[in-house]
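What follows is each chain in one-letter form.
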Amino acid sequence: MGTILKTEAATMQFGGLTAVDHVDMEIQAGEVHALLGPNGAGKTTLFNMISGIYTPTSGRVIFQGNDISKKRSFEVAALGIGRTFQNILLFDDLSACDNVMIGRHLKTKQPLVESIFWTPRIRREEKSARQRSLELLEYVNLGADAEKKAGSLPYGKKRLLEIARALALEPSMLLLDEPAAGMNPSESVELMEIIRKIRNDGITILIVEHNMRVAMGISDVVTVLNHGQKIAEGVPEVVQHDPAVIEAYLGKGGARQ
Amino acid sequence: MKKVKTRTKIIIAITLLLAIVIPIFTRENRYYMDVFIMLGIYVILGASMNLLIGYSGQISLGTAGFYGIGAYASVLLVMKANMPFLVGLIFAVVLCFLIGYVLGFPATKLNFIFLGLSTAGLNTIIQLIITNSQFTGGASGITGIPSVKLFGEPMTKLQYYYMTLIFVLLVLFICYRIVNSKTGRALMAIKGNPIAASAMGININRYKLLVFAIVSAMGGLAGVLYAFNIRYIQAEAFTTNMSFKILTMGIIGGMGDLGGGVLGSLVAGALPEFLRDLSKYQMTIYGLLIVLVLRFMPKGIVHPIQLGLDKLEQAIAGALAKRKAGKTKNKEG
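So the sequences go chain by chain: C and S. Reminder that position 230 of the first sequence reads as 230 in our numbering, one-by-one numbering, no gaps. Reminder that position 21 of the second sequence reads as 278 in our numbering, one-by-one numbering, no gaps.
Be aware that a few hints might be false.
Per the computed footprint, the stretches of chain C lying under chain S, defined by three or more beta-carbons under 8 angstroms from a beta-carbon of chain S, are [claimed, not checked]:
1) 5-15
2) 82-90
3) 93-101
4) 224-230
Just so you have them, the derived chain C footprint on chain S, three or more residues with Cβ under 8 angstroms [as the list claims (entries may be wrong)]:
5) 402-414
6) 459-473
Here are the simulated lysine to aspartate or glutamate pairs, EDC-like style, with alpha carbons at most 20 angstroms apart [stated by the list, open to error]:
7) K262(S) - E147(C)
8) K148(C) - D567(S)
9) K556(S) - E75(C)
10) K366(S) - E75(C)
To be clear, the hints were calculated from the coordinates, so they are not data collected in a lab. C-beta atoms are modelled at their ideal positions from N, C-alpha and C, and glycine is treated no differently.
With the hints as extra help, turn the sequences into a complete structure.
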């Protein structure tokens with residue numbers, strides 16, 4: 001399949017603080033790649049660098065052969081990277097279906113002037129956007145919640161709605177920022193199934209996750225960050241026993257046990 | 258595609274009927290006719306402001322500037338170049354759209370409060386240019402604006418009112434279509450959460466400029482209708498005070514609700530007519546109105562009305578069900 005996303009010495013500095021420090025990472029197309037590390041390790045910062053919210057201070061981010069380091073967020077989305085947010089950024093006042101329809105923005109062809117005249121093409125586009133959005137809600141098991149306001153949904157469902165909205169872009173790569181945070185065990189099992197389903201549909205997934213059961217259970221490759229630097233990378237079983245990783249999580253001495 | 262509720266349809270039908278019929282009875286009374294025409298103009302301004310604040314989450318305290326540009330551009334073209342009214346109107350609307358697009362640039366860079374301040378500054382600049390330029394008649398303004406002709410005859414006040422009404426409906430229709438399309442969803446997404454909107458591929462700057470230009474064009478249209486009704490224009494009419502008044506109209510009805518925008522414009526527009534004795538305190542009253550409405554009815558004055566109608570609907574449905582049940586009982590008996 002080949003490499004879909006690559007970071008080359010990606011670095012992000014905020015004043016004197018280096019949040020992400022020369023990180024080299026390669027993600028193969030079709031895999032579920034997890035990004036782990038203790039709080040403040042730079043995982044979300046790296047996510048924001050990839051998705052165009054931050055411009056790396058130095059280094060490069062390469063997606064499908066194109067340098068996207070300097071691209072802005074909406075341009076990165078247009079190239080085919082969808083994402084969710086750690087702190088859930090839904091459009092709370094709009095229905096679940098409208099949220100997903102906003103995700104269809106780039107896939108909906110509705111020039112403004114034509115919209116005003118409400119031409120048959122606009123009506124068709126509107127209908128198919130709604131149709132596709134409802135299908136995506138079904139896909140993440142939110143079919144029954146389509147007309148509910150996003151803000152009124154329980155926490156776990158909000159996370160799933162964010163995934164549906166990101167999928168509406170028809171991305172080739174999906175970034176999930178702590179999708180299981182705040183989910184109960186049965187919800188995380190449901191989430192893992194959905195993530196596997198997305199992977200089987202051919203979408204590459206980069207996931208930040210604190211829930212080890214989820215992270216280890218679904219990922220093919222794991223990259224571990226600590227203090228902005230990559231400290232380990234490999235298949236979950238090996239990384240789990242890496243002394244540097246155990247030290248990062250448990251402190252010095254943890255590795256001895 | 259969202260379905261329009263039957264109730265909404267009934268309300269629109271009644272409002273439209275009243276707007277068409279009432280002026281027929283007052284057509285001889287110049288004062289009433291001018292008030293009605295002004296209310297139509299206010300609805301255009303209020304609806305455009307509602308689109309800007311309520312749907313896209315931006316603000317402008319410079320709308321009166323575009324209202325003024327529209328008025329002056331059309332009048333000057335009609336008077337100096339001897340163009341027909343309609344040409345002047347289209348020219349003014351297009352001009353305001355373009356100027357709005359260029360001057361909307363701060364909207365892409367500034368947050369809510371600073372955008373408000375800078376647009377107010379813009380308004381003042383426009384007003385100063387108008388006041389100090391020979392071309393625009395300076396401080397004394399332009400008098401003797403020709404009346405709009407229909408089939409060679411000057412329009413009566415009633416005809417002018419109906420023309421205004423047509424433009425009002427056109428503007429509301431356009432707002433409705435924008436709101437219920439991809440563009441409207443993009444605007445609501447930007448208002449709801451700019452970071453998420455951008456991650457969905459929405460080019461925020463582009464949409465901010467677009468909505469700013471549309472709102473400016475609508476302001477320009479209102480200015481044209483104003484100028485050719487009063488037939489005398491002066492920079493005084495286009496100050497930031499007017500912008501503030503337009504802001505009130507856009508806000509108090511209910512932000513992000515087209516019907517609320519219309520209601521707010523009618524209430525805020527008609528208020529001064531009922532409070533003639535207090536005209537000195539007009540701006541104070543508008544300020545108070547905003548504070549009170551935002552404090553006690555953050556969803557606008559349209560919200561309690563909606564709740565009331567919900568109750569009424571339930572009561573009617575309940576009564577109907579009871580009657581039906583009673584009838585079946587009688588039959589059985």
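Is it true that the CA of K366(S) sits at most 20 angstroms from the CA of E75(C)? Between K366(S) and E75(C) the Cα gap is close to 18 angstroms, so the pair holds against 20 angstroms.
With the threshold set at 20 angstroms, check whether the alpha-carbon distance from K262(S) to E147(C) stays at or below it. Holds: K262(S) and E147(C) sit about 15 angstroms apart, inside 20 angstroms.
Are there three or more residues in the region 5-15 of chain C whose C-beta lies within less than 8 angstroms of some C-beta in chain S? violated (count 0)
Holds or violated: the region 459-473 of chain S covered by chain C, criterion of 3 or more residues with Cβ-Cβ distance under 8 angstroms? Satisfied; 4 residues make the cut.
Is the hinted pair K556(S) and E75(C) satisfied, with a Cα-Cα distance of at most 20 angstroms? violated (35 angstroms)
Mind checking the alpha carbons of K148(C) and D567(S) for me, to see if they're no more than 20 angstroms apart? Holds, at about 19 angstroms.
Mind taking a look at whether chain C covers the region 402-414 of chain S? Criterion is 3 or more residues with CB to CB distance under 8 angstroms. This one is violated; 0 residues, fewer than the three required, reach chain C with a Cβ under 8 angstroms.
Count the residues of the region 224-230 of chain C whose CB lies closer than 8 angstroms to any CB of chain S, then report whether that count reaches three. violated (count 0)
Quick check: do three or more residues in the region 93-101 of chain C have a beta carbon closer than 8 angstroms to a beta carbon of chain S? With 4 residues close enough to chain S, the hint holds.
Verdict on chain S covering the region 82-90 of chain C, criterion of 3 CB contacts below 8 angstroms: With 5 residues close enough to chain S, the hint holds.
Violated hints, listed in ascending order, are 1, 4, 5 and 9; each of the other numbered hints is respected by the structure.
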